[in-house]
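Engineer: What follows is each chain in one-letter form.
Protein chains: 2
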Amino acid sequence: MKRLVTPALAILCAAFFSMSSHAQFAKTEDAIKYRQSAMFTQSQHVARLGAMASGRVPYDAAAAVANAEVVTQISRLPWAGFAAGTEGGKAKPEIWKEQAKFKELSERLMADTDKLLVAAKAGNLDALKAAMGPLGETCKACHDSFRNR
Amino acid sequence: MKRLVTPALAILCAAFFSMSSHAQFAKTEDAIKYRQSAMFTQSQHVARLGAMASGRVPYDAAAAVANAEVVTQISRLPWAGFAAGTEGGKAKPEIWKEQAKFKELSERLMADTDKLLVAAKAGNLDALKAAMGPLGETCKACHDSFRNR
Numbered sequence: 010m011k012r013l014v015t016p017a018l019a020i021l022c023a024a025f026f027s028m029s030s031h032a033q034f035a036k037t038e039d040a041i042k043y044r045q046s047a048m049f050t051q052s053q054h055v056a057r058l059g060a061m062a063s064g065r066v067p068y069d070a071a072a073a074v075a076n077a078e079v080v081t082q083i084s085r086l087p088w089a090g091f092a093a094g095t096e097g098g099k100a101k102p103e104i105w106k107e108q109a110k111f112k113e114l115s116e117r118l119m120a121d122t123d124k125l126l127v128a129a130k131a132g133n134l135d136a137l138k139a140a141m142g143p144l145g146e147t148c149k150a151c152h153d154s155f156r157n158r
Numbered sequence: 010m011k012r013l014v015t016p017a018l019a020i021l022c023a024a025f026f027s028m029s030s031h032a033q034f035a036k037t038e039d040a041i042k043y044r045q046s047a048m049f050t051q052s053q054h055v056a057r058l059g060a061m062a063s064g065r066v067p068y069d070a071a072a073a074v075a076n077a078e079v080v081t082q083i084s085r086l087p088w089a090g091f092a093a094g095t096e097g098g099k100a101k102p103e104i105w106k107e108q109a110k111f112k113e114l115s116e117r118l119m120a121d122t123d124k125l126l127v128a129a130k131a132g133n134l135d136a137l138k139a140a141m142g143p144l145g146e147t148c149k150a151c152h153d154s155f156r157n158r
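Which chain is which? The protein sequence lines are L and U, in order. Last residue of the first sequence: number 158 in my numbering, and the count goes up by one each step with no gaps. Last residue of the second sequence: number 158 in my numbering, and the count goes up by one each step with no gaps.
Treat the hints as calculated values from the structure; they're not laboratory data. Predicted model, so just to flag it, every value in this text is computed and none were measured. One should not assume that every hint holds.
No copy is singled out in the list; a pair is fine if it fits within one copy or between any two copies.
Claimed, not checked - Dumping the calculated DSS-like pairs for lysine-lysine here, alpha-carbon to alpha-carbon at most 27 Å:
#1 Lys138 with Lys36
#2 Lys42 with Lys99
#3 Lys101 with Lys42
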């Protein structure tokens with residue numbers, strides 16, 4: 010039991026410290042604008058990878074890596090913008106009521122983007138396609154639960 | 010002469026390919042929102058470093074590195090959002106009329122953020138302060154010339 014609990018606690022602590030070091034917004038509007046800005050920036054790079062994965066644009070290995078690097082980096086950012094007391098924007102109140110679920114999905118996204126970068130570096134379209142599927146499912150799962158349309 | 014020209018050309022080519030691999034927005038509004046999102050995200054992390062450098066918040070070496078890493082990464086992004094035909098938002102038309110000057114300032118910013126990250130990793134407040142000065146001047150120089158208030 011101890012073996013199962015310790016890594017989970019370590020992840021929670023890491024997430025907490027990571028958030029607290031960034032969660033310093035002058036006002037709620039800044040936190041909302043910050044998380045929306047990070048999400049939008051990320052979405053543009055995900056869209057480019059999606060276009061390659063679906064064949065709408067030709068596969069370009071170097072561009073895939075460049076975009077995946079940005080997605081991996083930016084996937085770390087939005088969470089600090091959901092600090093306590095920053096309800097609003099497109100965020101559903103459930104985010105602050107179901108913190109464990111929200112955190113789990115945020116960690117799933119970061120794990121997915123890590124795998125995406127590995128897949129992009131593999132340098133073939135099939136690897137990219139295989140990594141984009143789970144990433145898309147994670148985006149959808151979190152947006153369905155926690156984002157107003 | 011050749012020695013002077015070649016590195017300059019190499020930088021221009023690198024900037025061109027870097028931009029072309031990213032400059033794929035569905036519509037002009039996306040490009041405008043993308044560059045504004047990247048700039049705003051960056052500004053929030055610069056503000057945290059500014060608060061430390063000015064003494065408004067206590068110096069925290071680890072947070073300084075974390076914020077400087079984000080600034081360095083995001084400083085690469087906005088430029089793709091200023092592609093030809095994407096005039097609008099807060100961007101002055103001069104951006105598209107004075108491309109050489111705009112590119113020079115964008116490259117100066119990226120060089121400044123590289124130095125900022127080195128300074129943050131040095132782990133002392135004086136190094137951070139010394140790197141924030143030139144970065145702030147570059148932000149101002151570019152905004153004065155190319156951003157509407």
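Engineer: Could you place Lys42 and Lys99 in one of the four classes (within, between, both, neither) given a Cα distance threshold of 27 Å?
Structural biologist: both (11 Å within a copy, 17 Å between copies)
Engineer: With identical chains treated as interchangeable, where does the CA-CA distance between Lys138 and Lys36 reach 27 Å or less: within a copy, between copies, both, or neither?
Structural biologist: So Lys138 and Lys36 pass the 27 Å test across copies only (25 Å; inside, 40 Å).
Engineer: I want to check one pair: Lys101 and Lys42. Are their C-alpha atoms no more than 27 Å apart within a copy, between two copies, both, or neither?
Structural biologist: both (15 Å within a copy, 23 Å between copies)
Of the numbered hints stated above, none is contradicted by the structure.
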